[in-house]
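Residues -22 to -1, 1 to 102 (mature numbering (1 follows the signal peptide of the UniProt record, and there is no 0)) make up the sequence shown, in order.
FYI, nobody ran anything at the bench for these hints, they're computed from the structure.
Honestly, I wouldn't trust all of these hints.
[Claimed, not checked] DSS-like mimics (lysine-lysine), calculated; alpha carbons at most 27 Å apart, straight line:
| # | residue 1 | residue 2 |
| --- | --- | --- |
| 1 | 98 | 7 |
| 2 | 7 | 36 |
| 3 | 90 | 7 |
| 4 | 36 | 51 |
| 5 | 90 | 36 |
As the structure is a prediction and not an experimental result, all values here were calculated from the model.
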Amino acid sequence: MKALFCTLAFFSLLFSSSSLMAKDEWFLKFEAIMNYRLDDTQARDILEEWVGLHDEDKSTYLYNLSTEELFCKFETGIRYAEITEITYTSGVVNVRMNVNEDAHIYVTFNRKTGKVIHCKASHR
């Protein structure tokens, strides 16, 4: 009986401490708005944390902040977006966002630092 109690106490402590550590991970703020349609302002605010935005005429261009390489163009600007997937491992966090009806944006972050490792887009 004592062994059972000790085992239960150990696992309770183990899971509660790992839950506490996970609650302050920087990327969990995006889980709260996953599958929620963001308006143009909200979408731009989030994208600006990850990539560079450049507006020219009615078009909006996304570029990698470290390489300054353009990787996506929205001819009618950014009207709405939705974070559709967040996956993470011990080293990286992957986020997929649908923007307008045009594209999927994929961003890979360093889990520890939150810095963008890679970003790309594909047409829907």
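| request: Taking the numbered hints from earlier one at a time, note which ones the structure violates and give those numbers from smallest to largest. | output: Those not satisfied are hints 2, 5.
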